[in-house]
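Trainee: One-letter residues, chain by chain:
There are 2 protein chains.
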Amino acid sequence: MFTDEYYMKMALQEAQIAFEKDEVPIGCVVVSNNRVIAKAHNLTEALNDVTAHAEMQAITSAANYLGGKYLQNCTLYVTLEPCVMCCGALSWSQISKVVIGARDEQRGFINKNLSLHPKTELVTGVMENECSDLVRNFFKRKR
Amino acid sequence: MFTDEYYMKMALQEAQIAFEKDEVPIGCVVVSNNRVIAKAHNLTEALNDVTAHAEMQAITSAANYLGGKYLQNCTLYVTLEPCVMCCGALSWSQISKVVIGARDEQRGFINKNLSLHPKTELVTGVMENECSDLVRNFFKRKR
Chain A
1 MFTDEYYMKM ALQEAQIAFE KDEVPIGCVV VSNNRVIAKA HNLTEALNDV TAHAEMQAIT
61 SAANYLGGKY LQNCTLYVTL EPCVMCCGAL SWSQISKVVI GARDEQRGFI NKNLSLHPKT
121 ELVTGVMENE CSDLVRNFFK RKR
Chain B
1 MFTDEYYMKM ALQEAQIAFE KDEVPIGCVV VSNNRVIAKA HNLTEALNDV TAHAEMQAIT
61 SAANYLGGKY LQNCTLYVTL EPCVMCCGAL SWSQISKVVI GARDEQRGFI NKNLSLHPKT
121 ELVTGVMENE CSDLVRNFFK RKR
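These protein sequences, in sequence, are chains A and B.
First residue of the first sequence: 1, per UniProt numbering; consecutive thereafter.
First residue of the second sequence: 1, per UniProt numbering; consecutive thereafter.
It should be emphasised that the hints constitute simulated quantities derived from the structure, not laboratory data.
Fair warning: there could be bad hints in the mix.
[Stated by the list, open to error] Below, simulated DSS-like cross-link-like pairs (lysine-lysine); rule was C-alpha separation at most 27 angstroms, straight line:
no.: 1; chain 1: B; residue 1: 119; chain 2: A; residue 2: 112
no.: 2; chain 1: B; residue 1: 119; chain 2: B; residue 2: 97
no.: 3; chain 1: B; residue 1: 21; chain 2: B; residue 2: 119
no.: 4; chain 1: B; residue 1: 112; chain 2: A; residue 2: 119
no.: 5; chain 1: A; residue 1: 112; chain 2: B; residue 2: 112
no.: 6; chain 1: B; residue 1: 140; chain 2: B; residue 2: 97
no.: 7; chain 1: A; residue 1: 119; chain 2: B; residue 2: 119
no.: 8; chain 1: A; residue 1: 142; chain 2: B; residue 2: 119
no.: 9; chain 1: A; residue 1: 9; chain 2: A; residue 2: 21
no.: 10; chain 1: A; residue 1: 142; chain 2: A; residue 2: 97
no.: 11; chain 1: A; residue 1: 97; chain 2: A; residue 2: 112
no.: 12; chain 1: B; residue 1: 97; chain 2: A; residue 2: 112
no.: 13; chain 1: B; residue 1: 112; chain 2: A; residue 2: 97
[Claimed, not checked] Partial chain B-side listing against chain A, Cβ under 10 angstroms, derived:
no.: 14; residue: 19
no.: 15; residue: 48
no.: 16; residue: 72
no.: 17; residue: 85
no.: 18; residue: 118
[What the hints assert, rightly or not] Restraint ranges, calculated between C-beta atoms of paired labels, are given here:
no.: 19; chain 1: B; residue 1: 16; chain 2: A; residue 2: 132; range: 29 to 35 angstroms
no.: 20; chain 1: B; residue 1: 112; chain 2: A; residue 2: 133; range: 39 to 45 angstroms
no.: 21; chain 1: A; residue 1: 9; chain 2: B; residue 2: 132; range: 46 to 52 angstroms
no.: 22; chain 1: B; residue 1: 125; chain 2: A; residue 2: 105; range: 32 to 38 angstroms
The C-beta atom is built at its ideal place from N, Cα and C for all residues, glycine as well.
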């Protein structure tokens, strides 16, 4: 039951909420011991704040839940590959695992030769099509 | 009067406040039309949040003041070279100018081959010794 797809579906639901708010549709959840301890979606437009990416909010929220700033034994599921800012934040958090839906070749951290913390396991391509379709549909509607 | 040194001194005062709170002593100010519109210092320990770097708080605060997420016609003065996370955030903000006190060879964005937004002018080495001394004294006291 507690598969990567199970949690990525929850991240996709968050992304869908962003889509409905006319925000770039990216969502994520943080899971610790099979329990969701944070959920967030992109809110850069609503908050007028370039730092309000889903991952940034989820990191702050998860740390708040845990009462400590390091996200040990936590996994972040995110529908789109994190950008440079979010990669940097995830590295500082020393999170145990990051699971990505769709790749972001242009703005994602992987093609910038950045890496997460040495302790962090990285998995990509979970529900990739569903995750990328949502972003593609968003920008298609915008044009 | 309104020189880079003038505003870097204010950033250093913010860093000094962080030092006194036992936070890694990094401070910054955001200036728009010779007016300081945001000040912040590192609060990662107090807030238990790896994202609470001085620059991140200042970007959010300046955008809030301006009522828009892009920091056009703004300059950020920061006592230590921004990390990957803060470099990413500054890029998203399209800030006009970034002035750095001391370099951070190990964790700073420059040696990671990252760059700020193409619109952003970068100046380094303003009050470099004062800025680096503060960080060095902090870590010396810790050991």
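Trainee: Work down the list of hints and note, for each, if the structure agrees.
Mentor: Consistency of the hints with the structure:
1. 119(B) x 112(A): Holds: residue 119(B) and residue 112(A) sit about 19 angstroms apart, inside 27 angstroms.
2. 119(B) x 97(B): Judged against 27 angstroms, a Cα distance of about 8 angstroms means the pair holds.
3. 21(B) x 119(B): violated (35 angstroms)
4. 112(B) x 119(A): holds (19 angstroms)
5. 112(A) x 112(B): holds (9 angstroms)
6. 140(B) x 97(B): violated (32 angstroms)
7. 119(A) x 119(B): Distance ~35 angstroms between residue 119(A) and residue 119(B) Cα, so the pair is violated.
8. 142(A) x 119(B): Holds, because 25 angstroms separates the two Cα atoms, which is no more than 27 angstroms.
9. 9(A) x 21(A): Holds: residue 9(A) and residue 21(A) sit about 19 angstroms apart, inside 27 angstroms.
10. 142(A) x 97(A): violated (33 angstroms)
11. 97(A) x 112(A): holds (20 angstroms)
12. 97(B) x 112(A): With a Cα-Cα distance of about 23 angstroms, the restraint between residue 97(B) and residue 112(A) holds, given a limit of 27 angstroms.
13. 112(B) x 97(A): holds (23 angstroms)
14. 19: violated (19 angstroms)
15. 48: holds (5 angstroms)
16. 72: Residue 72(B) check fails; min Cβ-Cβ to chain A is 12 angstroms, beyond 10 angstroms.
17. 85: Since chain A brings a Cβ to about 3 angstroms from residue 85(B), closer than 10 angstroms, the hint holds.
18. 118: violated (14 angstroms)
19. 16(B) x 132(A): 29 to 35 angstroms: Cβ of residue 16(B) to Cβ of residue 132(A): about 47 angstroms, so the range 29 to 35 angstroms is violated.
20. 112(B) x 133(A): 39 to 45 angstroms: violated (32 angstroms)
21. 9(A) x 132(B): 46 to 52 angstroms: For residue 9(A) and residue 132(B) the Cβ distance comes to about 48 angstroms; the hint holds.
22. 125(B) x 105(A): 32 to 38 angstroms: About 35 angstroms separates the Cβ atoms of residue 125(B) and residue 105(A), which means 32 to 38 angstroms holds.
Checked against the numbered hints given earlier, this structure breaks hints 3, 6, 7, 10, 14, 16, 18, 19, 20; the rest are met.
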